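Asker: This is what each chain is made of:
Protein chains: 2
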Amino acid sequence: MKIGILGSTGAVGRQMIECLEEEGFDIEELRLFASNRSLGKKIPFKDKEISVEVANENSFEGLDYVLGAVSNSLASSYKDAIVKAGAIFVDNSSAFRLDEDVPLIIPEINGEEAFKHKGVIANPNCSTIISLMAIAPIAKLTKINSIVATTFQAVSGAGVEGMKELNEEIEAIKNGEKVEPKTFIKQIAYNAIAEIGTIGSNGYTSEEMKMQNEGSKILGLPDLKVNCTCVRVPVHRSHSISLLVNTEDELALEDIKKEMNKFPGIEYKEEVPTPIEVANQNNVYVGRLRKDLIDKNGISLWCCGDQIRKGAASNAIDIIKYIEKI
Amino acid sequence: MKIGILGSTGAVGRQMIECLEEEGFDIEELRLFASNRSLGKKIPFKDKEISVEVANENSFEGLDYVLGAVSNSLASSYKDAIVKAGAIFVDNSSAFRLDEDVPLIIPEINGEEAFKHKGVIANPNCSTIISLMAIAPIAKLTKINSIVATTFQAVSGAGVEGMKELNEEIEAIKNGEKVEPKTFIKQIAYNAIAEIGTIGSNGYTSEEMKMQNEGSKILGLPDLKVNCTCVRVPVHRSHSISLLVNTEDELALEDIKKEMNKFPGIEYKEEVPTPIEVANQNNVYVGRLRKDLIDKNGISLWCCGDQIRKGAASNAIDIIKYIEKI
Chain A
1 MKIGILGSTG AVGRQMIECL EEEGFDIEEL RLFASNRSLG KKIPFKDKEI
51 SVEVANENSF EGLDYVLGAV SNSLASSYKD AIVKAGAIFV DNSSAFRLDE
101 DVPLIIPEIN GEEAFKHKGV IANPNCSTII SLMAIAPIAK LTKINSIVAT
151 TFQAVSGAGV EGMKELNEEI EAIKNGEKVE PKTFIKQIAY NAIAEIGTIG
201 SNGYTSEEMK MQNEGSKILG LPDLKVNCTC VRVPVHRSHS ISLLVNTEDE
251 LALEDIKKEM NKFPGIEYKE EVPTPIEVAN QNNVYVGRLR KDLIDKNGIS
301 LWCCGDQIRK GAASNAIDII KYIEKI
Chain B
327 MKIGILGSTG AVGRQMIECL EEEGFDIEEL RLFASNRSLG KKIPFKDKEI
377 SVEVANENSF EGLDYVLGAV SNSLASSYKD AIVKAGAIFV DNSSAFRLDE
427 DVPLIIPEIN GEEAFKHKGV IANPNCSTII SLMAIAPIAK LTKINSIVAT
477 TFQAVSGAGV EGMKELNEEI EAIKNGEKVE PKTFIKQIAY NAIAEIGTIG
527 SNGYTSEEMK MQNEGSKILG LPDLKVNCTC VRVPVHRSHS ISLLVNTEDE
577 LALEDIKKEM NKFPGIEYKE EVPTPIEVAN QNNVYVGRLR KDLIDKNGIS
627 LWCCGDQIRK GAASNAIDII KYIEKI
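Chains A and B are the protein sequences, given in the same order.
The numbering used here applies: residue 1 is where the first sequence begins, and numbers increase by one.
The numbering used here applies: residue 327 is where the second sequence begins, and numbers increase by one.
Hint data in this document are derived by calculation from the structure and do not stem from the laboratory.
Since the structure is predicted, the reported quantities are computational estimates derived from the model, not experimental observations.
Virtual Cβ for every residue (Gly too), placed ideally from N, Cα, C.
Mixed in with the good hints there might be a few duds.
As the list claims (entries may be wrong) - Simulated crosslink set (SDA-like; lysine to any residue; CA at most 25 Å straight-line): (1) A:Lys182 <-> B:Lys551; (2) B:Lys504 <-> B:Ala484; (3) B:Lys551 <-> A:Asn145; (4) B:Lys512 <-> A:Asn145; (5) A:Lys164 <-> A:Asn36.
To be verified - Some chain A residues close to chain B (C-beta under 8 Å, calculated; not the full set): (6) Ile193; (7) Gly197; (8) Ser201; (9) Val226; (10) Thr274.
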């Protein structure tokens with residue numbers, strides 16, 4: 001297999017390299033692309049070192065897959081060249097996620113849809129992946145009518161810069177220095193910021209609408225209604241989500257737990273999972289499963305997953321594994 | 327006025343002293359009680375210093391009010407002596423909150439109920455106070471049917487020890503030392519713990535059931551249904567809550583904002599409030615007001631309030647002010 005990675009020096013790109021190595025893929029060639037700033041940088045992969053290149057429209061010839069870990073605008077600018085070169089573009093940006101001819105894939109949930117691709121497969125939003133992994137076993141038992149989600153999102157969602165900003169602020173506060181947010185709109189150390197992305201005319205942020213729009217597409221439920229509140233918290237790399245799911249039929253908790261224990265990629269825990277404990281793991285952890293006190297068809301739960309892994313890099317790798325039947 | 331404070335050296339007790347001083351109450355006598363460990367300790371109040379006493383059953387003679395900032399068991403052990411002495415016991419513990427003959431008071435919402443007391447008035451749970459302050463203006467416009475709440479609770483909810491534990495863990499992690507949680511069930515630094523209190527047979531924690539039981543009592547709505555998830559986050563002293571309120575009638579956001587701007591003790595902000603910004607203030611801040619995307623009668627919002635002030639100490643002081651018409 002010949003694979004390229006766009007944005008290979010960012011938090012998600014580096015995790016993609018690590019995941020490829022862990023999975024033990026038989027990789028004939030790995031091409032690493034990044035911006036001019038990283039040109040020539042050497043990145044270890046297996047027993048060799050790979051020099052970082054700056055991508056141009058001829059860079060993708062001969063590749064089977066290109067993994068995208070760049071901005072929407074960069075992903076858009078490279079898309080045609082990747083497709084023209086005959087590679088499959090597994091893209092982590094939100095540029096193509098809602099396009100009708102682009103499958104939006106969480107392999108454990110709708111992997112078969114991936115085969116309908118026309119050169120581009122989109123990797124969903126991080127909080128959406130982690131939430132839907134937790135909800136998927138319930139969706140196997142009955143129809144999901146609505147989801148109320150409140151997220152506790154790690155700073156890694158804003159990349160390497162986000163993680164750096166949290167650490168720098170903690171240090172500045174300790175030294176009695178002034179905190180000057182750059183990556184986040186307000187101080188994130190010892191704080192919680194209930195605004196991620198831009199606020200739209202309906203009062204929801206772009207990040208919150210991803211859970212609605214991508215959730216509906218991935219679950220194949222055009223009528224699904226989602227109420228989401230996305231909050232940034234001072235956690236390094238795992239997202240947690242408090243979920244209330246309303247279902248068509250009333251379910252027994254024991255049946256849901258059984259389904260969760262069968263479902264690949266998730267682990268149900270009687271002890272509450274926390275974001276620190278699930279860091280650096282590909283699985284999504286679920287706990288606090290209980291019946292809603294408002295509606296008999298409601299189910300509440302808490303889930304945590306590594307944002308850089310299953311929320312981004314490892315889900316993209318899982319898409320390749322699904323297609324290649326690895 | 328003659329006032330006593332039980333637990334005067336804890337986080338809430340110390341804040342009560344500070345609030346009494348700020349409010350400029352004409353206080354003839356202030357008696358400060360604490361455990362043996364603090365006996366004789368001198369605490370400044372206005373232009374003098376007060377020596378900390380250990381309370382006994384004769385300590386409350388002549389007092390008009392005793393403010394309680396101690397555990398349920400200590401509050402229970404002193405209650406009879408306080409009532410017998412003729413003082414009004416404004417208690418912050420959860421020991422008496424659901425007792426039928428004990429008013430549970432947020433003065434801005436149900437202050438008149440306070441006059442029905444039989445010697446004891448209970449101060450509600452911190453997250454419940456902050457949430458209900460944000461919901462109260464909506465409750466003035468129509469009936470509240472249900473509330474879905476996800477809390478982001480500061481470590482101050484576990485007192486001085488909780489705040490110390492967060493700081494010590496941050497330092498330990500920086501030094502590469504092992505973190506050993508004592509006050510919290512897991513590491514709180516860079517983490518989020520979705521379990522506060524003990525888990526009951528319905529799967530909800532004792533902390534989560536307070537929002538249901540106390541919310542229903544304070545709002546005077548026996549049929550109110552609450553789905554709550556309480557989460558501890560690494561924030562020092564302000565709680566934040568993501569709320570979804572379902573109402574009997576459909577409301578216009580502009581009407582709610584108007585009501586919020588009129589309501590005492592809350593401030594509606596177009597810019598998202600964060601817990602750091604509301605620290606050391608008595609007001610509760612509300613933001614992110616928007617219509618639910620699931621039900622036309624749903625309203626979503628985000629609120630933040632200082633846990634030690636309006637969540638505990640200043641609400642207790644507000645109860646005295648309401649009764650004394652100050």
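Asker: Could you run down the list of hints and mark each one as holding or not?
Answerer: Status of the hints after comparison with the structure:
1. A:Lys182 <-> B:Lys551: Answer violated: A:Lys182 to B:Lys551 is near 41 Å, above 25 Å.
2. B:Lys504 <-> B:Ala484: Status holds; Cα separation ~21 Å.
3. B:Lys551 <-> A:Asn145: 20 Å, holds
4. B:Lys512 <-> A:Asn145: 34 Å, violated
5. A:Lys164 <-> A:Asn36: 21 Å, holds
6. Ile193: 6 Å, holds
7. Gly197: 12 Å, violated
8. Ser201: At about 10 Å, which exceeds the 8 Å cut-off, the nearest Cβ of chain B leaves the hint on A:Ser201 violated.
9. Val226: 6 Å, holds
10. Thr274: 5 Å, holds
Violated hints, in rising order: 1, 4, 7 and 8; the structure is consistent with all others.
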